[in-house]
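Trainee: Here's the letter readout for the chains.
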Amino acid sequence: MKVNLLIFSIILFPTLCFGELFLEITKGSEDPYKVAMIPFEGNSRLSKELNSIMQNDLIRTGEFSILDEELLLPIQIIDDELVYNDWKLLGMDYLVTGKIIKTDNSLDINYEIYDIHKKRKIRSSKVFGIPNQIRQLAHYTSDGIYESITGIKGIAATRLLYVNEIKDSKSVSIYKLMLADSDGKNEKNLLTSTEPIISPSWSPDGKRVAYVSFETGMAKVFIQDISSGKREAVLSKDTQISSPSWSPDGKYLSLTLYQDGNAEIYILRLRDRTLTRMTKQYAIDTESSWSPKGNKILFTSGRSGSPQIYELDLRKLNPKAKRLSFEGSYNAKASYLPKEEGIIFVHRADDGLFHIALKYKKENFIRILTEAKLDESPSVAPNGNMVIYGIKEGDLSMLAGFSLSGARFKLPASLGEVREPAWSNFLR
Amino acid sequence: MKRSLNTFFALSTLLIFVGCSSLQVTEESVANQSVAGVSISSKSTATQAVLANAVVYFEYDKFNLTAKSIQALKGVSDLMQRNSKITLSIEGHADERGTREYNLALGQRRAESVANYLISNGVQRNRLSVKSYGEERPLALGSNDSAWSKNRRVELK
Chain L
1 MKVNLLIFSI ILFPTLCFGE LFLEITKGSE DPYKVAMIPF EGNSRLSKEL
51 NSIMQNDLIR TGEFSILDEE LLLPIQIIDD ELVYNDWKLL GMDYLVTGKI
101 IKTDNSLDIN YEIYDIHKKR KIRSSKVFGI PNQIRQLAHY TSDGIYESIT
151 GIKGIAATRL LYVNEIKDSK SVSIYKLMLA DSDGKNEKNL LTSTEPIISP
201 SWSPDGKRVA YVSFETGMAK VFIQDISSGK REAVLSKDTQ ISSPSWSPDG
251 KYLSLTLYQD GNAEIYILRL RDRTLTRMTK QYAIDTESSW SPKGNKILFT
301 SGRSGSPQIY ELDLRKLNPK AKRLSFEGSY NAKASYLPKE EGIIFVHRAD
351 DGLFHIALKY KKENFIRILT EAKLDESPSV APNGNMVIYG IKEGDLSMLA
401 GFSLSGARFK LPASLGEVRE PAWSNFLR
Chain W
1 MKRSLNTFFA LSTLLIFVGC SSLQVTEESV ANQSVAGVSI SSKSTATQAV
51 LANAVVYFEY DKFNLTAKSI QALKGVSDLM QRNSKITLSI EGHADERGTR
101 EYNLALGQRR AESVANYLIS NGVQRNRLSV KSYGEERPLA LGSNDSAWSK
151 NRRVELK
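Sequence order for the protein chains is L and W.
For the first sequence, the numbering used here gives the first residue as 1, with consecutive numbering after it.
For the second sequence, the numbering used here gives the first residue as 1, with consecutive numbering after it.
Calculated directly from the structure, the hints in this document are not laboratory data.
Even for Gly, the Cβ is constructed at its ideal location relative to N, Cα and C.
Incorrect hints may appear among the rest.
To be verified - Just the calculated beta-carbon pair ranges, DEER-fashion:
no., chain 1, residue 1, chain 2, residue 2, range
1, W, 142, L, 120, 43 to 51 Å
2, W, 38, L, 120, 45 to 53 Å
3, L, 353, W, 68, 25 to 33 Å
4, L, 318, W, 70, 33 to 41 Å
5, L, 30, W, 145, 37 to 45 Å
6, W, 79, L, 228, 48 to 56 Å
7, W, 38, L, 119, 37 to 45 Å
8, L, 353, W, 141, 15 to 23 Å
9, L, 173, W, 145, 20 to 28 Å
10, W, 79, L, 395, 33 to 41 Å
Kindly produce the complete structure, drawing on both the sequences and the hints.
Mentor: So, in structure tokens, the structure goes:
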């Protein structure tokens, strides 16, 4: 692609803010794909809404720049040599057209993608939905566009979990476990409590969540079904239980149990609730996280005298923990990238500040990816291209994200603090 | 296509090869997204009277007791030995730096340090309950040394 230094610093405030999070795109990548999006035919109000959601989705990835609507060419026939040349003169790489088909009980979208350089149609797709699913239809469409152009699955139709803490007039905290689309919109409340909620974790199918709630006066892990709201404590033991992580096949939860007088990692088989102890150490062992194939877990241990990241190979009998982090005196809360090509974690730098860092398996150094002071809780998108994490600006915590291609965005809340983001798996 | 709410998703991908160029043709339905929210309000804190209200402070990333905190705990163990009916809830806390789960474990270690001290001074284990709030319940707000030092603590209730 062209070497075109296009760093834009735009703030997009959607006109319809019915969620509590506001997306701010603060930086795009330096060499984006240039796409012209013709407003979709059909209902013009829906077309406008659809267009704005899709543009947001694509720009947020940092890999796209969308042609201003005023600059669009009036076109009749697209598959025409001359028309392709006109788009080429405008510097476009791709063109997207589409149609909205609305009936009383259905809302469908047909869309097509044209490669301007190759002068041919590269995709023709249909997405079927019902009338109140415009946002979701838009996300599916943007994911189709993203995948056709980049060859990587899009994450617009994925969802986020996070915790929102709101203080009332008497400074008493209310904690809410929230669910939203990947753009922070379509917010839903899963749980409201007067006691802290931490460490939300998705089931791999996106239908259930596990989290730590202090509602009994002590940290306990609960599982909750998203559509029914049915919830239960995973174990009835009288001990602190925390740090749940779902195995990729959905059959196990790794947990931290405190019954041995110290934080130790266990694996819970959900079918019959049998527990297998994985660590036996005088030091703290916690923050377990499964590998994408489910054959290894990462965890944080204080066994060397400071928190460091270790890996356990579950295929071995009595596996020995292998230390993965060596740089710096604090490395914690690690998770694998989706192809296991590296790990993302919290790193304390020499200046005493906490940042999100990345270490590729093949490299013997770490890459520090963020620059605030108290960055925490990184969660990797299922396509491995984006990371969402918690930051603190002044005394306020909010969510922030970056793509590995260099784009950045923030998701502050209109009310209170937001933290502990967890990115879902692909839901399509 | 049938539009049942139970249709979680249907996706079909078809690749049509025309010469050397390929066209991707897909059809899919968006997923049903029903959500049920739950509201809980926890029981009011135990009505147990606060018998001792010593607070023990810790160094950054540490869970060992300092000479000063041992002085404060001597009074607590004396009180527990004079009155065998007293039970204690020992709550560990951490400052906001570092990860939440590691801080939960660190708070637990701090609470265990206090419990172990009391046990070594003759207090029975079954009179003590140990737990941690990690960094979730700061006493002092703010991201500075003064607030952090107040938050790295164990409370006895």
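Trainee: Each hint: holds or not?
Mentor: Hints and how they fare:
no., hint, in the structure
1, W:142 / L:120: 43 to 51 Å, "60 Å, violated"
2, W:38 / L:120: 45 to 53 Å, "51 Å, holds"
3, L:353 / W:68: 25 to 33 Å, "29 Å, holds"
4, L:318 / W:70: 33 to 41 Å, "39 Å, holds"
5, L:30 / W:145: 37 to 45 Å, "39 Å, holds"
6, W:79 / L:228: 48 to 56 Å, "49 Å, holds"
7, W:38 / L:119: 37 to 45 Å, "55 Å, violated"
8, L:353 / W:141: 15 to 23 Å, "19 Å, holds"
9, L:173 / W:145: 20 to 28 Å, "24 Å, holds"
10, W:79 / L:395: 33 to 41 Å, "37 Å, holds"
When the structure is compared with the earlier hints, violations turn up for hints 1 and 7 and for no others.
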